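So the sequence lines, in the order shown, correspond to chains A and B. Numbering-wise (this note's numbering), the first sequence opens with residue 1 and increments by one. Numbering-wise (this note's numbering), the second sequence opens with residue 1 and increments by one.
You may find that some hints are simply not true.
Stated by the list, open to error - Taking CB as the label site, the calculated pair distances span:
#1 D158/B with K312/A: 52 to 62 Å
#2 K207/B with S211/A: 28 to 38 Å
#3 Q21/A with A308/B: 45 to 55 Å
#4 L232/B with I258/A: 35 to 45 Å
#5 L232/B with K207/A: 40 to 50 Å
Since the hints were made in silico from the structure, they are not lab data. Keep in mind that this is a model prediction, so the values were computed, not measured. Backbone N, C-alpha and C fix where the C-beta goes; we use that ideal spot for every residue, glycine too.
There are 2 protein chains.
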Amino acid sequence: MQTFFTPGPAQLYPTFEKHLQNFVSGQLGSISHRSQQYRDLHRFTVEQVRILLNVPETHAILFLGSASEIWERILFSCVELESFHLVNGSFSEKFYDYAHGLNKYAHKLEKPMGEGFTAAEVTVPEYAELICTTHNETSSGVQMNVAEIHKLKQKNPDKLIAVDIVSSAPYPDLDFKLIDTAFFSIQKAFGLPAGLGVWIVNEKCLKKAESIRQQYSIGAHNNLPTLWKNSLNNETPATPNVMAIYLLGKIAEDFNQIGVKTLRKETEQKAQLLYKFIEKHKGFSPFVKEKAHRSQTVIVANTELPSADVIKAVKEKGMVIGTGYGQFKSSQLRIANFPATSVEQVQELIKVLETV
Amino acid sequence: MQTFFTPGPAQLYPTFEKHLQNFVSGQLGSISHRSQQYRDLHRFTVEQVRILLNVPETHAILFLGSASEIWERILFSCVELESFHLVNGSFSEKFYDYAHGLNKYAHKLEKPMGEGFTAAEVTVPEYAELICTTHNETSSGVQMNVAEIHKLKQKNPDKLIAVDIVSSAPYPDLDFKLIDTAFFSIQKAFGLPAGLGVWIVNEKCLKKAESIRQQYSIGAHNNLPTLWKNSLNNETPATPNVMAIYLLGKIAEDFNQIGVKTLRKETEQKAQLLYKFIEKHKGFSPFVKEKAHRSQTVIVANTELPSADVIKAVKEKGMVIGTGYGQFKSSQLRIANFPATSVEQVQELIKVLETV
Numbered sequence: 001m002q003t004f005f006t007p008g009p010a011q012l013y014p015t016f017e018k019h020l021q022n023f024v025s026g027q028l029g030s031i032s033h034r035s036q037q038y039r040d041l042h043r044f045t046v047e048q049v050r051i052l053l054n055v056p057e058t059h060a061i062l063f064l065g066s067a068s069e070i071w072e073r074i075l076f077s078c079v080e081l082e083s084f085h086l087v088n089g090s091f092s093e094k095f096y097d098y099a100h101g102l103n104k105y106a107h108k109l110e111k112p113m114g115e116g117f118t119a120a121e122v123t124v125p126e127y128a129e130l131i132c133t134t135h136n137e138t139s140s141g142v143q144m145n146v147a148e149i150h151k152l153k154q155k156n157p158d159k160l161i162a163v164d165i166v167s168s169a170p171y172p173d174l175d176f177k178l179i180d181t182a183f184f185s186i187q188k189a190f191g192l193p194a195g196l197g198v199w200i201v202n203e204k205c206l207k208k209a210e211s212i213r214q215q216y217s218i219g220a221h222n223n224l225p226t227l228w229k230n231s232l233n234n235e236t237p238a239t240p241n242v243m244a245i246y247l248l249g250k251i252a253e254d255f256n257q258i259g260v261k262t263l264r265k266e267t268e269q270k271a272q273l274l275y276k277f278i279e280k281h282k283g284f285s286p287f288v289k290e291k292a293h294r295s296q297t298v299i300v301a302n303t304e305l306p307s308a309d310v311i312k313a314v315k316e317k318g319m320v321i322g323t324g325y326g327q328f329k330s331s332q333l334r335i336a337n338f339p340a341t342s343v344e345q346v347q348e349l350i351k352v353l354e355t356v
Numbered sequence: 001m002q003t004f005f006t007p008g009p010a011q012l013y014p015t016f017e018k019h020l021q022n023f024v025s026g027q028l029g030s031i032s033h034r035s036q037q038y039r040d041l042h043r044f045t046v047e048q049v050r051i052l053l054n055v056p057e058t059h060a061i062l063f064l065g066s067a068s069e070i071w072e073r074i075l076f077s078c079v080e081l082e083s084f085h086l087v088n089g090s091f092s093e094k095f096y097d098y099a100h101g102l103n104k105y106a107h108k109l110e111k112p113m114g115e116g117f118t119a120a121e122v123t124v125p126e127y128a129e130l131i132c133t134t135h136n137e138t139s140s141g142v143q144m145n146v147a148e149i150h151k152l153k154q155k156n157p158d159k160l161i162a163v164d165i166v167s168s169a170p171y172p173d174l175d176f177k178l179i180d181t182a183f184f185s186i187q188k189a190f191g192l193p194a195g196l197g198v199w200i201v202n203e204k205c206l207k208k209a210e211s212i213r214q215q216y217s218i219g220a221h222n223n224l225p226t227l228w229k230n231s232l233n234n235e236t237p238a239t240p241n242v243m244a245i246y247l248l249g250k251i252a253e254d255f256n257q258i259g260v261k262t263l264r265k266e267t268e269q270k271a272q273l274l275y276k277f278i279e280k281h282k283g284f285s286p287f288v289k290e291k292a293h294r295s296q297t298v299i300v301a302n303t304e305l306p307s308a309d310v311i312k313a314v315k316e317k318g319m320v321i322g323t324g325y326g327q328f329k330s331s332q333l334r335i336a337n338f339p340a341t342s343v344e345q346v347q348e349l350i351k352v353l354e355t356v
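Same shape as in the complex, but just chain A:
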């Protein structure tokens, strides 16, 4: 068996197999998505995610096919004409591109890969209706501090703000009194197979969608008012990925039993081990120079040796790490730091990297 330190799909959480077995033996793959049994399952997952991420009742927790689908649904729902995007890597860029795909006018503030944003340096264009931020840019390992995201909203209280927490949730401690919408997928830090996007979204976004709909399309499939209405009954508009919703509920429950504070502390502890190593060890260096902008969940290292050689050497020891993204494919490594890999496994990885 290999240990995956790849940034998604990633290592599966240790309890995954047990929960999957219970799903199968309970024949939950066959139950109707309009049954009370399903509604109870759905409600359980919503409750566990709500506790884990401290989401107030002002926000719905909705289930879609993927985080990418949620990019589109956020833009449909929250942007009549103009959006604004902080872009510093491939995924924040894709969110921006989606706005064009829906014929919205998209503004951006762009920085090179490896650099991050603070609230002070951001001026949101006057007519932008939505500020799109990426808490953790998976392609470059840059994180925008939660405090800076909160400040950005406080500076722009009349704009809606969206936070991509795809490859960091449940690490960021977002204050949902300030955050209108956020979203993640389950194949990253939740340690589950891909196939589900989770959309946290408040009533302001719902009202905005209802107002936009008077004049423009807000989408037909999984549009926000329909998702919202169904969620009040613990249902989804179409047949959902029941297996993924069940598994997410169980993993979130496991996380809650550990406690999100402990999980966050462990994440920081493991990240510190990895950054310390790549800072000091010859042949490696951190890609993100500014310490405050370094991701705690996706650590990106420059490597003097071709990344393929390092990856191969590590693989021989039963561990899988990721290449750099795009233009950095061969000169960087990406190492995921999710709850599924323990401190001991990270120490083991570092030991192996030391010998490369």
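Please build the complex by placing chain B on the supplied structure of chain A, with the hints as guidance.
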């Protein structure tokens, strides 16, 4: 363990657990969706579905989140201004409603639930660009014969035609020289947990999408040109439901080993047993009067007893059948007839229904 005769989610196919176990032990939930290992898995599934449904190379086979998502993507891709829908139940109605949701002008020819269409009675409006048909209307148990769908296209060669085969594939033997696009989901006749929609679509639809894009949005997420381009490399634009794609490939391979002709014959044989029973047995009668329009995969029966009583009695014997849909919830039963349930299991169900 219960046997599910519900029309989706449905009984899981007998080999499902074995394939799932192989997915888990092979750690396929952690592999990168940009790796050769993934591309091989993806290609295998496409090949098996292509063989099973006799899909020529002119058509791509694409993976999305659900069949409902595909309704939207077909309308985005194939309709600049006007669509035309044959509506005779809740699911064909939803396809029609989606067109409104995208601000298209949607025409419909409507019949009451329980009635079906022939090509001769359909006149497609002059400016409609796409004809939307439903091979199997899951809500009412009405089937449109494949020969009639083919004739409809032959009568209207300049229109695109879409066929919803959600709750019937692989039963209908569509001629893809005539059919521009068709789609299904895996929680029906493929006997898998929900979470994947499969879109079969030809180059004419691609060309149309590229032309529409000059002036209108064709969607940002999973838009056809992006899906198509990725599929040439056996990839998807975003992280897909790898588990479901893997399982579909394995079930399609199992189906191919049995042979699609045998599967279709068995489906007809089981349907005949069920229709014969509900025609003759006091207290039951077929909802669909016209024999030629009766679904082979979702059998709908009127019941004199309240449906809840029948369902309860059957459940005590370890079998689950569905209620009627919408207004017919308490006066009808819906019995799925998919490959996951054998002739013997259908005979067993009939025995139990005889005693109710």
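Inset, instruction - Run the structure past the numbered hints and jot down the numbers of the failing ones, going up. - result: 3
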